[in-house]
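**Student:** From first to last, the protein sequence lines are chains A and B.
For the first sequence, position 484 (counting from the first letter as 1) is numbered 484 according to our numbering, and the numbering increases by one without interruption.
For the second sequence, position 74 (counting from the first letter as 1) is numbered 74 according to our numbering, and the numbering increases by one without interruption.
It is possible that part of the hints are untrue.
Said to hold, decoys possible - Cross-link-like lysine-lysine pairs, in silico, DSBU-like; alpha carbons within 30 Å at most:
#	chain 1	residue 1	chain 2	residue 2
1	A	48	A	70
2	A	308	A	399
3	B	29	A	389
4	A	99	A	270
5	B	29	B	13
6	A	48	B	13
7	A	99	A	61
8	A	48	B	29
9	A	99	A	48
10	A	70	A	99
11	A	48	A	61
12	B	13	A	70
Claimed, not checked - Which chain A residues face chain B? A few, computed with CB under 7 Å, are given here:
#	residue
13	277
14	280
15	283
16	341
17	384
18	396
Simulated from the structure, these hints should not be mistaken for laboratory data.
Backbone N, C-alpha and C define an ideal beta-carbon position, used for all residues, glycine too.
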Amino acid sequence: MTDLLDLPLPDVASAVQRGETTAEAVTLASLARIERDADLGAFLHVAKDAAVAAARQVDEKRRRGEPLGKLAGVPIGIKDALCTKDAPTTCASKILVRKRPGAAPDPADGFRPPYDATVVARLRAADAVLVGKTNMDEFAMGSSNENSAFGNVRNPWDRSRTPGGSSGGSAACVAARLVSGSLGSDTGGSIRQPAGLTGIVGVKPTYGRVSRYGLVAFASSLDQVGPFAADARSAARILEVIAGHDPRDSTSSDLPVGAYEAACDRPLEKLRVGVPEEYFAEGLDADVSASVRAAIDALAAEGASLTKVSMPHTRYGLATYYIVATAEASSNLARFDGVRFGLREEAAGADLQQMYAATRGAGFGPEVKRRIMLGTYALAAGYYDAYYKKAQQVRTLIKQDFDRAFSNVDVLLTPISPTPAFELGEKTEDPVTMYLSDVYTLPASLAGVCALSVPCAATPARADRPELPVGLQVIAPAFAEERLFQVAAAWERLSPFRGRAPARAS
Amino acid sequence: MAISREDVLHVAKLARLDLTEAEVTRMVKDLGSILEHVAELSQVDTSSVTPTAYVAVTAAPFRPDAVEPGVPRDVALAEAARHADGGFAVPAFVDDG
Chain A
1 MTDLLDLPLP DVASAVQRGE TTAEAVTLAS LARIERDADL GAFLHVAKDA
51 AVAAARQVDE KRRRGEPLGK LAGVPIGIKD ALCTKDAPTT CASKILVRKR
101 PGAAPDPADG FRPPYDATVV ARLRAADAVL VGKTNMDEFA MGSSNENSAF
151 GNVRNPWDRS RTPGGSSGGS AACVAARLVS GSLGSDTGGS IRQPAGLTGI
201 VGVKPTYGRV SRYGLVAFAS SLDQVGPFAA DARSAARILE VIAGHDPRDS
251 TSSDLPVGAY EAACDRPLEK LRVGVPEEYF AEGLDADVSA SVRAAIDALA
301 AEGASLTKVS MPHTRYGLAT YYIVATAEAS SNLARFDGVR FGLREEAAGA
351 DLQQMYAATR GAGFGPEVKR RIMLGTYALA AGYYDAYYKK AQQVRTLIKQ
401 DFDRAFSNVD VLLTPISPTP AFELGEKTED PVTMYLSDVY TLPASLAGVC
451 ALSVPCAATP ARADRPELPV GLQVIAPAFA EERLFQVAAA WERLSPFRGR
501 APARAS
Chain B
1 MAISREDVLH VAKLARLDLT EAEVTRMVKD LGSILEHVAE LSQVDTSSVT
51 PTAYVAVTAA PFRPDAVEPG VPRDVALAEA ARHADGGFAV PAFVDDG
């Protein structure tokens, strides 16, 4: 029974649908694993009672002979940036947690949203079981999960290393097989980079493919919700459930949702693959480079045709992103002011402005403060043209790089991250060093296209590091998610990483 | 590009963000180093380039102009640190400008 969690997600749903097991049994197995691996720090809140109750409802539905949804009884983790009606939502920030005299801030005292995010409602409607809220970098700002106000997440491959960020908890809980899948959010790489560093599949859908209603906003022109799962087909199943138009998000597209699971069976023949040389430049770890190139060559041997492409503005992705995203964040995070929800710091005699500044000063962590400051600076009178407008113009050039590339090729293949998972504490001193770990994921976010990370190998063990997963990034044009799954699944059939999972904690 | 202590204090005021002395010092250093990196954007010729604010958004769609139920008042107030008389309670404020 517990072994079900080691199988692909569609197998879990089928077993529940056929009555070979119950949603309750799968849920209890998942909860037991979450408890066993509590040291990973993957969850901020485990919704034990609600999960068991939801599972029983699924089982009851089956007993009544009603057809079950595509995620029947499947345990799913939800990034704590997504609103959930029955569980606290904190974005791993103290500012969304009410203060209790004499006690340290506890996510259990977090904001209780009056509604579910659309993606959460869709998971429930498909009979998934939401087991808890996953840890993350505060307000999704970070690349290592070390910016959580409630402790970092550990990488299940090596607990002294980062799982990546910002959706580190959502990645770690899938990598350790505590759940069958999870949801994260990706603004500049926050799904793809942790998926790469933990050896699982993570998908950033096209901007507009998935509703953002109920996702706490970081950078509204970049944010997308997407799935994590151990393999491409499992991730495809989740994306089919959460994608589609939502009247509550005017930026969500009404284009029909693709057949992502079916795309996993499509052969690669004649697929035109572009390899952008700028993604293999200075700073790329030699083991990562070798693994990614080997995967690309293997796909060529399967019938894909390779073309070298040039995307000359790639190097400006980092600078462009850190202006655009922080400018949008400084405006979005203005809502955290102590008035309607969360923390309030109100000294006796303080006026309204003092209350705002005191609340925000006490509630936000260092990285969030840094980004609010940078964004406010970039939007301030006198700097707007030099920074914000300039960055938006370079964003146009980055998008044109993708348009040009996709006029000749169907997908692009690149590394996900310049290095495998780094040590906790290794990059916390200098913000730019940390930002550089997202250098390969930022351009696709700025262009609004879709991309995923699929594990391609484990680096050889060395004296200074054990075997660690390496991610391959597949990038496709807007709304061509089917191609992502076609390539990822074809690669999984060849991959030396197939079937690999981290050793279980004793 | 260097950013001064005065710049940091000014921006913190605009952002309604109290910073401790240590945070101000660290912010001068960190923002300076980030802005130094960002300065490379000035190398790019963008004289005839249209800015991109959003991608893949074609037009704002219309919805039917129909009344739908909103969030009930007690639910909306439930998470506030203070509320009074059916509204959010905040410190008294007077514009002294």
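**Student:** Does the alpha-carbon distance linking residue 70 (chain A) and residue 99 (chain A) stay inside the 30 Å limit?
**Tutor:** The hint is violated at about 40 Å.
**Student:** Verify the proposed pairing of residue 99 (chain A) with residue 61 (chain A), using a straight-line Cα cut of 30 Å.
**Tutor:** With Cα atoms ~40 Å apart, residue 99 (chain A) and residue 61 (chain A) exceed 30 Å; violated.
**Student:** Regarding the pair residue 29 (chain B) and residue 389 (chain A), is the alpha-carbon distance no greater than 30 Å?
**Tutor:** 24 Å, holds
**Student:** Holds or violated: is there a CB of chain B closer than 7 Å to the CB of residue 341 (chain A)?
**Tutor:** 4 Å, holds
**Student:** Taking only the CA atoms, is the gap from residue 99 (chain A) to residue 270 (chain A) under or equal to 30 Å?
**Tutor:** 59 Å, violated
**Student:** If you draw a straight line from the CA of residue 29 (chain B) to the CA of residue 13 (chain B), is it 30 Å or shorter?
**Tutor:** 18 Å, holds
**Student:** Given the hinted pair residue 48 (chain A) and residue 61 (chain A), is their alpha-carbon gap at most 30 Å?
**Tutor:** 20 Å, holds
**Student:** Is the straight-line distance between the alpha-carbon of residue 48 (chain A) and that of residue 70 (chain A) 30 Å or less?
**Tutor:** 22 Å, holds
**Student:** Classify the hint on residue 280 (chain A) as holds or violated, based on whether any CB of chain B lies nearer than 7 Å to its CB.
**Tutor:** It is violated, given that the least Cβ distance between residue 280 (chain A) and chain B is near 20 Å, above 7 Å.
**Student:** Taking 7 Å as the limit, does the beta-carbon of residue 277 (chain A) come near enough to a beta-carbon in chain B?
**Tutor:** 19 Å, violated
**Student:** Check the hint pairing residue 13 (chain B) with residue 70 (chain A) against an upper bound of 30 Å on the C-alpha distance.
**Tutor:** 50 Å, violated
**Student:** The hint names residue 384 (chain A) as touching chain B; please verify it with the least Cβ-Cβ distance against 7 Å.
**Tutor:** Violated, about 11 Å.
Hints 4, 6, 7, 8, 10, 12, 13, 14, 15 and 17 from the list above are not met by this structure, while the remaining hints are.
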